[in-house]
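Engineer: Now for the letters of each chain:
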Amino acid sequence: AQRVTQPEKLLSVFKGAPVELKCNYSYSGSPELFWYVQYSRQRLQLLLRHISRESIKGFTADLNKGETSFHLKKPFAQEEDSAMYYCARPFSGGYNKLIFGAGTRLAVHP
Amino acid sequence: NAGVTQTPKFRVLKTGQSMTLLCAQDMNHEYMYWYRQDPGMGLRLIHYSVGEGTTAKGEVPDGYNVSRLKKQNFLLGLESAAPSQTSVYFCASSYEEGPKPQHFGDGTRLSIL
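The listed protein sequences correspond, in order, to chains L and X. Each residue of the first sequence is one higher than the last, beginning at 26 in my numbering. Each residue of the second sequence is one higher than the last, beginning at 8 in my numbering.
These are computed hints drawn from the structure, not numbers from a lab. Fair warning: there could be bad hints in the mix.
To be verified - Covered by chain X, according to a simulated footprint, are these stretches of chain L (three or more residues, beta-carbon under 8 Å): (1) 91-98; (2) 125-131.
Stated by the list, open to error - Here are a few chain X residues that face chain L, going by a calculated C-beta distance under 10 Å: (3) Ala31; (4) Leu50; (5) Val67; (6) Glu103.
Being a predicted model, the structure only gives us computed values, none of them experimental. Glycine included, C-beta positions come from ideal geometry on N, C-alpha and C.
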């Protein structure tokens, strides 16, 4: 079965500390992977995608096919990074349908 | 530019009642989706549509029906609401060339008593 696993429900760090939100996916060729973020009282929005290889708001994510992981990293967390983060990948069969992980809540304390 | 708009934002129903959630997008997207968000389970796909007049089942379709009579609108119906359908419902849309990111609405918080 296709799965996206985010093992941590909550990640609590202090401002300025490094952050790593874990995401593992079930193997299926070369998947497209996404990180979505939901800030308090805002809609879910795309943070970054694997294929773009970009850094958004200081976050990066590297696809590791050997470990089937797509962990989200930021070297120095800011309070405004506090949010719910979801890792996602498309279902097989197309149509851009997404499978989401359970999500990790990141809390950055002053 | 509103993007994806969901109505209503909140609703409380009694068991057995019916209701329809409306999703409208103004980005001319071909694909539209309905998800439910439950604590500890992330978002799960209920139904989706790949174009006007088409619908298909997702991961958790039971108890829901959908319709896409116009390209910009995607309706989610609960014929006989059950407490297990208490959730936050999200609509999303995307372009058809994939894989493409999805654009989400603000969500509808639905409580069924």
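Engineer: Are the hints correct? Go through all of them and say.
Structural biologist: Hint-by-hint comparison with the structure:
1. 91-98: violated (count 0)
2. 125-131: The restraint on the region 125-131 of chain L holds, since 4 of its residues have a Cβ under 8 Å from chain X and three suffice.
3. Ala31: violated, 14 Å
4. Leu50: Holds, because the Cβ-Cβ distance from leucine 50/X to chain L comes to roughly 4 Å (cut-off 10 Å).
5. Val67: Given a least distance of 12 Å, the restraint on valine 67/X is violated.
6. Glu103: This hint holds: glutamate 103/X lies near chain L, its Cβ roughly 8 Å from the closest one there, short of 10 Å.
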